[in-house]
Every structure is written in structure tokens, then in C-alpha cells.
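Student: What follows is the residue order along each chain.
2 protein chains.
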Amino acid sequence: MNRPKHHIFVCTSSRINGTQRGFCCTKDSAAVARRFQEEIEERALEGEVTVTNTGCFGLCEKGPVVVVYPEGVWYGNVTPEDVETIMEQHIEGDEPVQSLMI
Amino acid sequence: MNRPKHHIFVCTSSRINGTQRGFCCTKDSAAVARRFQEEIEERALEGEVTVTNTGCFGLCEKGPVVVVYPEGVWYGNVTPEDVETIMEQHIEGDEPVQSLMI
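Protein sequence lines correspond, in order, to chains A and B.
According to the working numbering, the first sequence holds residues 1 to 102 in order.
According to the working numbering, the second sequence holds residues 1 to 102 in order.
By construction, these hints were calculated from the structure, which means they are not laboratory data.
Honestly, I wouldn't trust all of these hints.
If several chains are the same, the list does not tell them apart, and a pair holds so long as it fits within one copy or across any two.
No farther apart than 25 Å at their CA atoms in a straight line, the calculated lysine to aspartate or glutamate pairs in the DMTMM-like style are these [stated by the list, open to error]: (1) Lys5 x Glu95; (2) Lys62 x Glu42; (3) Lys62 x Glu46; (4) Lys5 x Glu48; (5) Lys62 x Glu39; (6) Lys5 x Glu61; (7) Lys27 x Glu48; (8) Lys62 x Glu48.
Quick caveat, the model's predicted, so the values are computed rather than measured.
Only chain A is shown next, with the shape it has when bound in the complex (with noise of 0.2 Å):
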């Protein structure tokens, strides 16, 4: 199978036993992955960056929470208004956004 070049993974507060509930999802979490798939299609980048939606990362006062691998690169606090930015500087840029790094 074909690895994506960037995988990113977006906290929206899901429980291994279905239901949701914690802070990430409280804080348009939801809209933050939404946004990502969104940006991902218009850039025409499907297969190489794919985007998951994640239970807690055990981060929650600093939620949202998106992390970037392989690379590692951890972000917090990200707004559905960020995701633009981390597109356009870090997945296409090769330059993680430094202001919302963790």
C-alpha cells in the first residue's frame, strides 16, 4: 500500500467506547478535521496527506490537538482558521508552523 508522505491526526474527543466527550471536541475539533480534508481536496494532495480523526491525546488544556507524522510535530490550540496556514506552510512548505507548535 501507499504511505502518505504526511499523515495528520486531529483529536476529536473519541472514546474507544463510542460516545464523545472531552475538550477537543468542545473546541470545534470537529470542524478542525473537516477543514483539513476539505484543504486536502482542493489541493489535490489525496494519498499523500491523509487526515484521521483521534481519541484523546492527554493534552486537553492545550486543545485542539493535531499531530503531524512522520515528522512529530505536535500542535495545539489550532482553530479551523489555522488549518490554511499549516497546509500552505508546513504539508506544502516543508516548515512546521512555529506559533502553533506545542
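Put chain B on the given structure of chain A with help from the hints.
Tutor: Chain B in isolation, oriented as in the chain A frame:
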């Protein structure tokens, strides 16, 4: 913050809208995620190794799917019994388990 040396992502079919539907969660993937957490605790690897549950990776026919970053190793058809092998050989021994890779 401290970044984990290995970050294990387990699909538990969590949807962004809070429901849990799909293939992996019907195939014991919640038990796979819990076994990883238990193994991490038993081996005193908290902090160094993190497990996070996720939504769908789009490879349902190979589920339950487990992805380990930063090395980018993808495993399929993972059972709770396979978790000890992955922990022993891959996480502690740095040798990904070829027979489970997809």
C-alpha cells in the same frame, strides 16, 4: 513536551460525529487498543510509547488496522493476541513484525 519514541494508532472506528460504526470495532479493535495500553504499563513504557484510538484509515478489509509512527509501519488483521508480539519484537526490539504488515 516529551514526544513519544513510538506512537501507536489503533482504529476503533470512531466517527467525527461521535458514533462508532465500521469494521474494526466489530473485530475486537477496542480490545487491541486496551491490550496495547496494558502492555505499555506492564513494561513501564509510559511516556516513551503512546497509544491513541482513531477513526477509519480506509483499509477496512484489512482491519483491525494499527499504525506505528514515526516509522510508518502499517499492520492489518491485528488481534489482541498479536499485541504482545508487536510490543516485544517491534516496540522493544525495533524489528517490525513482517507477518502482520500490510
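Student: If a hint holds in the structure, say so; if it does not, say that too.
Tutor: Here is what the structure says about each hint:
In the homo-oligomer, the alpha carbons of Lys5 and Glu95 lie at most 25 Å apart both inside one protomer (14 Å) and across protomers (22 Å), since each shortest distance falls under that limit. In this assembly of identical chains, Lys62 and Glu42 lie within 25 Å of each other by CA distance neither inside one copy nor across copies; the values are 28 Å within and 28 Å between. In this assembly of identical chains, Lys62 and Glu46 lie within 25 Å of each other by CA distance solely across copies; the values are 20 Å between and 28 Å within a copy. In this homomeric assembly, Lys5 and Glu48 come within 25 Å of each other (Cα to Cα) both inside a single copy, at 5 Å, and across copies, at 24 Å.
For the identical chains of this complex, Lys62 and Glu39 are intra-copy neighbours only, at 23 Å inside a copy versus 27 Å across copies, given an alpha-carbon limit of 25 Å. For a Cα distance limit of 25 Å, the shortest separation of Lys5 from Glu61 across copies, 22 Å, qualifies, whereas the shortest one inside one copy, 29 Å, does not. When the C-alpha separation of Lys27 and Glu48 is checked against a cutoff of 25 Å, the pair qualifies neither within a copy, at 28 Å, nor between copies, at 28 Å. For the homomeric pair Lys62 and Glu48, the shortest alpha-carbon distance between copies (20 Å) is at most 25 Å, but the shortest distance inside one copy (28 Å) is not.
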